[in-house]
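*Asks:* As a plain string of letters, each chain reads:
Protein chains: 2
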Amino acid sequence: MSQPHFSFRLHHIDSKCCARRGTFSTPHGSVETPAFMPVGTQATVKGLEIEMLRATGAQMILGNTYHLALRPGEGVVEKLGGLHQFMGWEGPILTDSGGFQIFSLAANVRIAEEGASFRSHLDGNPVELTPERSVQIQESLGSDVAMVLDHVVALPNSIEVLRDATERSIRWARRAKDAHRRTGQAQFGIVQGGLDVGLRIECTKALSKLDFQGYAVGGLGVGEPPREMYQVLEETVPALPENKPRYLMGVGRPQDILEATARGIDLFDCVLPTRNGRNAMAFTDQGTLRLRNLKYIDDPRPLEEGCACPACRRSRGYLRHLFMADEMLGPILLTAHNVTYYQRLMAEARAAVSENRFLEFKVAKLAGWNAADVQSEP
Amino acid sequence: MSQPHFSFRLHHIDSKCCARRGTFSTPHGSVETPAFMPVGTQATVKGLEIEMLRATGAQMILGNTYHLALRPGEGVVEKLGGLHQFMGWEGPILTDSGGFQIFSLAANVRIAEEGASFRSHLDGNPVELTPERSVQIQESLGSDVAMVLDHVVALPNSIEVLRDATERSIRWARRAKDAHRRTGQAQFGIVQGGLDVGLRIECTKALSKLDFQGYAVGGLGVGEPPREMYQVLEETVPALPENKPRYLMGVGRPQDILEATARGIDLFDCVLPTRNGRNAMAFTDQGTLRLRNLKYIDDPRPLEEGCACPACRRSRGYLRHLFMADEMLGPILLTAHNVTYYQRLMAEARAAVSENRFLEFKVAKLAGWNAADVQSEP
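So the sequences go chain by chain: G and Z.
Take the first sequence: its letter number 274 is residue 274 in this note's numbering, and every next letter is one higher.
Take the second sequence: its letter number 337 is residue 337 in this note's numbering, and every next letter is one higher.
Just so you know, these hints were derived from the structure itself, not from any lab.
Worth double-checking, as some hints may not be accurate.
Computed beta-carbon distance windows for the label pairs [claimed, not checked]: (1) G:Leu359 to Z:Arg313: 42 to 50 Å; (2) Z:Ala367 to G:Gly81: 40 to 48 Å; (3) G:Arg71 to Z:Gly287: 24 to 32 Å; (4) G:Val109 to Z:Glu128: 26 to 34 Å; (5) G:Asp123 to Z:Gly368: 37 to 45 Å; (6) G:Pro27 to Z:Gly287: 36 to 44 Å; (7) Z:Arg71 to G:Ser25: 47 to 55 Å; (8) G:Ile159 to Z:Arg71: 55 to 63 Å; (9) G:Glu234 to Z:Leu122: 51 to 59 Å.
Cβ atoms here follow ideal geometry from the backbone N, Cα and C, with glycine treated the same way.
Between the sequences and the hints, there should be enough to build the whole structure, so can you do that?
*Replies:* Here's what the structure looks like:
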């Protein structure tokens with residue numbers, strides 16, 4: 001299907017690595033890439049009123065098909081004007097397909113050729129999700145970008161399991177492509193294959209023939225050592241069509257984002273800035289701060305000098321107090337800060353790519369973070 | 001102590017009742033009265049980022065001495081610039097004295113002439129609060145208005161208990177007055193006396209001699225029938241100095257606010273709009289909405305037509321979804337709505353007083369709310 005509303009313009013590739021500067025245009029506006037999409041699982045980026053979300057600099061956000069289909073149901077969202085109007089976000093939205101949530105959240109999962117059967121994590125009710133049903137839900141939600149349903153498996157895993165899941169993901173991608181009707185909505189394919197580069201390349205080639213409007217790399221960041229993930233990206237990404245946006249799904253420690261950007265990824269999403277914000281952890285250029293620490297009790301400094309987010313108009317001492325007193329405003333403010341931090345990181349990354357200094361930029365950032373300090377919450 | 005920073009200008013008294021229009025000026029700005037102060041117990045109005053709080057139209061807020069003294073401690077707040085800077089609220093702040101919290105929250109309370117001994121509701125540690133200590137805490141917090149420590153008792157109660165507590169409250173008020181040093185901070189006395197009008201009048205006269213910059217009516221809204229509270233106000237308020245602001249502590253159902261305004265009260269505070277907002281209850285001119293109700297599942301209407309709050313930019317269906325999905329944004333948005341609603345109610349009340357139509361205004365509002373429908377959450 002022709003999608004005149006979408007385009008990806010590749011402006012520049014850094015002369016010393018594969019990092020790219022581009023603009024991805026959608027019916028709800030443009031996204032300067034590389035870009036980070038905050039996660040709005042249940043039609044809200046947790047804790048952020050929509051104007052606060054906008055003020056972080058976020059251009060595009062992600063919604064979860066699995067969650068929204070279970071609650072409130074895509075029919076309700078559609079009746080209330082679609083996901084954009086429902087939640088009040090006027091910018092671009094990408095919805096995932098549900099594949100990863102079935103893998104990570106659902107119970108009693110059975111994968112057959114037709115689709116996945118599982119029990120809802122909310123009420124235990126049986127649910128079926130097929131490639132066609134995932135397309136239909138996302139068409140009802142009305143996102144700008146819909147992802148195809150994929151079969152995600154744990155890593156490490158045997159080559160037989162990986163091959164089976166990858167080949168199924170390709171067949172499901174074809175069915176999703178055939179089922180897709182909605183104009184004004186792009187569809188992205190998802191490359192699977194675990195840590196097996198051969199499988200990844202095979203999958204990439206098969207999906208490329210289907211001519212999606214963008215391509216994701218899925219099934220990474222599920223527990224494998226970061227080095228191995230970077231290696232897979234290094235060999236897989238160059239096989240993707242150059243003129244389409246490339247999206248690394250669900251991977252989002254700051255260092256992972258920079259390493260993947262250096263290898264040619266354009267789009268990211270991750271719960272890390274929002275989830276860790278709720279857990280009193282703030283990202284800064286000098287590494288992470290754990291705001292419950294007693295040393296911040298009367299610290300008059302902002303989280304980060306020069307940051308324009310609402311948290312940085314307060315002192316670390318105040319933010320600590322909010323967490324110790326179990327006040328909602330603590331999670332709200334740290335979420336706003338972390339999302340703002342991620343958006344600033346991406347803006348700086350884009351500038352660095354344009355000036356062919358992305359690798360130096362990456363080294364400087366990593367040094368500031370002091371690598372070991374930047375950790376996901378347990 | 002002379003307080004040139006403060007003034008109360010009485011602009012008008014409604015020709016048909018005791019409702020008053022005034023302006024209370026403080027070092028952090030002016031408050032048009034009658035006014036409602038949202039409660040920011042722990043240096044935050046729960047769920048509202050400070051710009052959202054400002055956008056509700058709130059002019060003055062309340063902070064709690066008891067809570068802030070226990071956590072983070074008034075020394076921390078003082079070191080971080082005082083309560084205004086600590087929480088980022090540049091407008092006027094009133095702090096209560098801790099008297100009501102000792103009555104309602106603390107354990108093992110013993111009241112002696114010197115002061116109150118009790119155990120912290122946070123960690124069970126023993127705490128003492130005397131009239132002088134309450135003054136000192138509030139001076140460290142740096143609020144615009146400090147309340148004197150009072151001895152609050154349950155209602156109904158014997159005349160002996162009421163007399164003892166009232167007389168002690170008068171003696172404590174005198175000690176608080178003697179202890180107060182901070183310029184730029186006004187001090188209000190608190191009238192006690194339960195439902196006994198004789199005691200109330202006695203207390204009013206004794207406190208008037210101490211020449212406070214304002215007077216509160218305390219110890220009401222603690223379970224007695226509203227009619228009896230209105231009766232006490234009707235007989236007590238006229239005995240208060242006319243040229244000073246009059247504050248009814250902790251009472252805040254919309255109908256109570258209008259009934260008390262009609263009897264000459266200028267200032268209000270209550271947790272109702274914020275607490276009920278967190279519990280999915282929205283105030284509107286047509287009564288309250290309980291947003292978890294299934295009937296709102298795909299209701300496209302805002303909570304209230306014409307309301308400029310961020311919740312009313314969304315549908316009731318979306319707000320219901322947020323509560324059903326346990327999303328923080330539900331409490332955030334309903335709190336913003338309810339506080340906006342209360343501020344709009346007060347603005348309308350002020351306009352009505354100016355035009356000598358406050359009683360008609362009150363009747364119309366009560367009819368809209370359908371009285372029985374407006375209830376505190378259990």
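*Asks:* Taking the Cβ atom of Glu234 (chain G) and the Cβ atom of Leu122 (chain Z), is their distance within the range 51 to 59 Å?
*Replies:* holds (53 Å)
*Asks:* Cβ-Cβ distance between Asp123 (chain G) and Gly368 (chain Z): within 37 to 45 Å?
*Replies:* Since Asp123 (chain G) and Gly368 (chain Z) have Cβ atoms about 38 Å apart, the given range 37 to 45 Å holds.
*Asks:* So the hint says 42 to 50 Å: do the beta-carbon atoms of Leu359 (chain G) and Arg313 (chain Z) match that?
*Replies:* Given a distance of about 44 Å, which is inside 42 to 50 Å, the answer is holds.
*Asks:* Quick one: are Arg71 (chain G) and Gly287 (chain Z) within 24 to 32 Å, going by C-beta?
*Replies:* Given range 24 to 32 Å: holds, Cβ gap about 27 Å.
*Asks:* The hint says 26 to 34 Å between Val109 (chain G) and Glu128 (chain Z); measuring C-beta to C-beta, is that right?
*Replies:* violated (60 Å)
*Asks:* Assuming the hint says 47 to 55 Å, is it satisfied by the Cβ distance from Arg71 (chain Z) to Ser25 (chain G) or not?
*Replies:* holds (50 Å)
*Asks:* Taking the Cβ atom of Ile159 (chain G) and the Cβ atom of Arg71 (chain Z), is their distance within the range 55 to 63 Å?
*Replies:* With Cβ atoms ~56 Å apart, the hint holds.
*Asks:* Cβ-Cβ distance between Ala367 (chain Z) and Gly81 (chain G): within 40 to 48 Å?
*Replies:* Since the Cβ atoms of Ala367 (chain Z) and Gly81 (chain G) sit about 34 Å apart, the hinted range of 40 to 48 Å is violated.
*Asks:* State, for the Cβ atoms of Pro27 (chain G) and Gly287 (chain Z), whether the hinted interval 36 to 44 Å holds or is violated.
*Replies:* With Cβ atoms ~40 Å apart, the hint holds.
Figure legend: structure checked against the earlier numbered hints; hints not met, in rising order: 2 and 4.
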